[in-house]
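Residue numbers (this note's numbering), protein chains in the order written: chain P, 1 to 172; chain E, 1001 to 1531.
There's no promise every hint is true.
No more than 25 Å apart at the CA atoms, straight line, and that leaves these computed lysine-lysine pairs for BS3-like [unchecked claim]:
# : chain 1 : residue 1 : chain 2 : residue 2
1 : P       : Lys58     : E       : Lys1264
2 : E       : Lys1330   : E       : Lys1264
3 : E       : Lys1415   : E       : Lys1336
4 : E       : Lys1306   : E       : Lys1264
5 : E       : Lys1292   : P       : Lys66
6 : E       : Lys1292   : E       : Lys1452
Where chain E lies over chain P, by a calculated footprint (3+ residues, C-beta under 8 Å) [claimed, not checked]:
#  : region
7  : 38-49
8  : 72-83
9  : 101-108
10 : 122-128
One-sided excerpt, in silico: chain E residues whose CB lies under 7 Å from chain P [to be verified]:
#  : residue
11 : Ser1116
12 : Gly1175
13 : Ala1177
14 : Ala1274
15 : Ala1352
16 : Gly1359
17 : Thr1426
Worth flagging that the hints you see were computed from the coordinates, not collected in a lab. All figures in this text were calculated on a predicted structure; none of them were measured in a lab. No residue lacks a Cβ here, since even glycine has one placed at the ideal position from N, Cα and C.
Letter by letter, the chains look like this.
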Amino acid sequence: MSTSTFERKPPIKLAELSNLSAAQRAAIDDVLARLGQLPGALLPVLHGIQRALGHVPKDAVPIVAKALNLSRAEVHGVVSFYHWYRSEQPGEHVIHLCRAEACQAVGGRALEAHVKATLGIDFHETTADGRYTLEPAYCLGNCATGPSLLIDMQLKGRVTPERFDRLTGVVA
Amino acid sequence: MKSITVYVPRDSTAVSLGADEVAAAITTEAAKRGIAIELIRNSSRGLFWLEPLVEVATTAGRIGYGPVDATDVASLFAAGLGAAHPLSIGVVDEHPYLKTQERLTFARAGITDPVSLTDYRAHGGYRGLSNALAMAPADIVAAVTDSGLRGRGGAAFPAGIKWKTVLGTPGAAPGVAGADAAQKYIVCNADEGDSGTFADRMVCEGDPFLLIEGMTIAGLAVGATRGYIYLRCEYPYAEVALNEAIAAAMREGWLGDDICGSGKRFHLEVRMGAGAYICGEETALLESLEGKRGMVRFKPPLPAIKGLFGCPTVINNVITLASVPVILDKGAEHYKNFGVGRSRGTLPVQLAGNVKFGGLVEKAFGVTLRNLLYTYGGGTLSGRPIRAVQVGGPLGSYIPESQFDLPLDYEAYAKLNNMVGHGGITVFDDTVDMAEQARFSMEFCAAESCGKCTPCRIGSTRGMEVIDRLVAGDEAVKQEALLRDLCDTMLAGSLCALGGMAPFPVLSALNHFPDDFRPQSRSAGLANINR
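Bound-form chain E, shown alone (with noise of 0.2 Å):
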């Protein structure tokens, strides 16, 4: 008898919730009933309301269930693998949750077994990179530049600029062990710190191969044949994937020093952060990469001149880098014809908090947040109204319903002062106190702020301060204006993005929920909803 194909996969967001555990019962319930079946971790389709999603290849598709406890497997079994139960969602692609996005960056996500290089090259994996490897450098940053690429991190700088400036400076001499005398470098930034984001967590863990891929086309493109992946040491699954899937391309000879055949060098290794957010940013990331503490550098010179240890450097966000492969495979006119104005291609969009069906939702730049947040996420989880979401991350605005019908778009938001940043919509519902959200963001910026400049360092304690005697009605006037001119002075005085954004989700707060910030309304609305 032919075995039947069963996934489960172990991308951490399912583990968390037991895939595990549901992974060891198939295999147990399976040899007890004497069926016999092929085991396979795929990676999180990023339906995460349904996780553990297990999966059953038919004859019709891969049929869903989810989400599956241990204790369920044993009716699963019973009514027959593909079979209609109550936990079955029919063929998984037919999902309209999955069926309505446009997944470029995502294409294989929950489909692959992420370490299996097979299984990769099956789904359209390396076609990017063997056009890039019969192309002249010049010509494979000219696609990136013509797909309107930019980058994924938050800051959206044109991709292809980027990578035109380091292939036009001449490599030089790191000093340290392994390199050469013209050494450039390609580095991923995959400490994704931002609340509400886990878009990179979930290609490293999910679609290794495609940051891999991504990567060694970069390094092809600017002439730097070593990279490094800063993965925060909050993701350890990812390392494990990472590093699986590096071994198996050196294996494979897609990287190395002779990269199928092409005479062309990459090579490529992750290293782990350490728990500091500033290591996001990319000149701490560089030097944290170096060995020292995570402060930021001055600007110029940017990184792409003298970046890692001073050398010409390529920092690129993870979904930037992952995007890569399929502008080359498919070419930048068939990314660029996604989206709207000067925000080209897709966005994977996270949605987070509380929300009814949180995931990941590659779409189209131009999509509104309010269909994201009603028609993919169905409101909140808790069944209550949603008061505010924040995008962006932790430096992000709050933004209210009055401005839930914006256009996901770089410019859009950034004239009402909002930001795209990475991509990350974390929902609250009306119970959020949202004086109490602008002090988290202080108390945020005060635990991660690097110390090199005082707006960001000594602003944020203070901001904790006046917000704490704002909210107590001590002098609340006076408070306001002063909480006012400490954020005007965080924005235009920091050195880098944590001081100078940590005020838009304070600023955002205070002007869009202003009754939060004062003692009458506080107490009354603490009476309301029963916080």
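Just chain P, with the same shape it has in the complex (with noise of 0.2 Å):
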């Protein structure tokens, strides 16, 4: 078969594929700059990513690639591996709820089920109005006093399905 019909193309360019905003970009560059030297940088490029802009956007993964000689696949494999990482952006608080046995055992999975339906969503998911993205975590270390949770990273314990909504100001 003749491929003479076939143009060759140029090659494609990372700027033209990405999505991502100057700012974005920006403090994709900063983390590198910062990190990217370190042995094993990819997990602390990473986190340094998702704590300046709360995900780790998909077009930052061949940024992030380039800058530490990986594969996209490699960056890939290990963004998708790690429950901690998200691709997309969160709501504007994010919620981690123990589901673990410490807490099942003293009303983790009401508190689960109330949550779920107050906020009516599930794990991994955002509010239509954006105001909360709930995970699961699988303990949060603070299992003589739970349920637990952790909102913006701030631990609460002896969460209450009442005091879940004291804390959220959400009605159900």
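With the hints in hand, could you dock these two chains into one complex?
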């Protein structure tokens, strides 16, 4: 079969594919400049990006890969392997709700049902108004005073459904 | 007038129950009343049902009040700081929960300001390292071996043997920035993912210099100049405390290129995990530190021979490393004199879940489960009878009342297919549905499997499905046989402890609480206890 009908296209430039804003791009470059030289830098770099931007944008993957001399597959593999990293912009507040045994023993399952019903979302989802993102956590190390959750990385213990409502100010 | 010293913990459990608000209220109230106070953010004593536990220094000792809400603060001042009050528990050191413990590793917990090097040294800190600096590496390793210290992460492998292997293995060139041509590493596993455990967190937040000292001693012992603390990202407060402490130790010359003028080098860095339970497995943790997915490695080679970046690596749990300073300070013999059989020293037990007096109980091995659950724990928080306890985290068996006289001892537990693990005890009352718990164990394994080996990756999902059918009464006899067969495959065929131990909670639930898996008794049970 002849290949003469195929025109050779110019190589794809990363910049053309990227939907990143200039500020996002600057934040990523800043993280790479600070942490890119660490031995085994990928996790610290991804944490840095997520801390700065709230998530690891899909378009950050090729930039990180290039800077760390990794393949895009390797970077994507790491982003998708670890539960902590997310590729989508989260809501204004992120709730990590503990699902583990010690919280189950003191009403964790009932709290989980209440949280999902009140917010109207399941795990890994964001409320329609963009206020809350709900993530599961498997233990927050607060096992003698559960049920526990992290809200914007602030730990809360003995969270009854009523306390959850007070914390969030959400009315079902 | 001399100012009054007031302590409010910065431990995350205390903060989760309002300690920051209490601290702010105390500052405001003191200013309003014109009372001079010095507010110290100490760590937690581990009496978590009393958190936030406010302490006031008096001539009689530190008087505790708890649990204190921000709205109680005015009345504390009105009564007089250190005076009688309905929330007073008296002198904290005299509290029976504390007084009857054998605190070696947690000797400073709740007493000191966790990030004050002065406080640390005033309470016996860095004496172990000072001794170690004058010793030959082989002698440090020998002291750890003689103490009988075993890995506190769960596997209970003798720490001294691991260290000896690394000492005897020449360093390698890892080909990464900042490393030596003959590099070795000390890695601390602070990926405390087991539900029902918080001892690692308490050390990292409450006595971080202890961990730093333990790792520095390990470095001297095996000839490693670099260490990493792999901390789970669910512990943001611990990250702050560790980094503050590392910076202070660097400033004061307890870390760095010339430790206390000895010419010895040790550098330490905190690395955050990213929410993968499997990274608590040592080889997956090393992969993660190298910037890869947390996939379990085949062994051999052991990490002691080829660990981080291919270099000889000591990888130990937080509590293991935090037990080292006291061994070097007071001697191997002192540590070894605690405990029973081959389980030497003490174990910080964590009482969690549905328990009245939850918290940290450090006792010598040999203490019975009953003693821990009732004398310390005071039974359940709900006031209902204890039905089952899960010891050793999500991969540990559910233990019924009939085994509560079991002494805390690695071998005694193993004999009954139970596991001491990291010393977490999660209590459940009689409303627990053991079939639901068994199913969760499989669900957890499915969510957290690294996917490298089939029994774990596929077996866990199939396990959930079989339990669902069993509970629905769909050919129950066949389903039970299938579930047992599946568990057998996972136990024997998995690459690491995740798939290899997830069947323990499942089988123990099935063996000790078979009625919970039968549809007839389930519906009757549901009616009885109003689930």
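Here's how the hints hold up against the structure:
1. P/Lys58 <-> E/Lys1264: 45 Å, violated
2. E/Lys1330 <-> E/Lys1264: Holds: E/Lys1330 and E/Lys1264 sit about 23 Å apart, inside 25 Å.
3. E/Lys1415 <-> E/Lys1336: Within the cut-off at roughly 23 Å; holds.
4. E/Lys1306 <-> E/Lys1264: Holds, at about 23 Å.
5. E/Lys1292 <-> P/Lys66: 16 Å, holds
6. E/Lys1292 <-> E/Lys1452: Roughly 14 Å between the alpha carbons, so the hint for E/Lys1292 and E/Lys1452 holds.
7. 38-49: holds (count 9)
8. 72-83: holds (count 6)
9. 101-108: It holds, with 6 qualifying residues against the three required.
10. 122-128: The restraint on the region 122-128 of chain P is violated, since only 0 of its residues have a Cβ under 8 Å from chain E and three are required.
11. Ser1116: With a minimum Cβ separation of about 23 Å from chain P (threshold 7 Å), the hint on E/Ser1116 is violated.
12. Gly1175: 9 Å, violated
13. Ala1177: 5 Å, holds
14. Ala1274: 3 Å, holds
15. Ala1352: Where the cut-off is 7 Å and the nearest Cβ of chain P is about 3 Å from E/Ala1352, the hint holds.
16. Gly1359: E/Gly1359 check passes; min Cβ-Cβ to chain P is 6 Å, inside 7 Å.
17. Thr1426: Holds - the Cβ of E/Thr1426 comes within 7 Å of chain P, reaching about 5 Å at its closest.
Hint check: violations occur at hints 1, 10, 11, 12; the rest are consistent with the structure.
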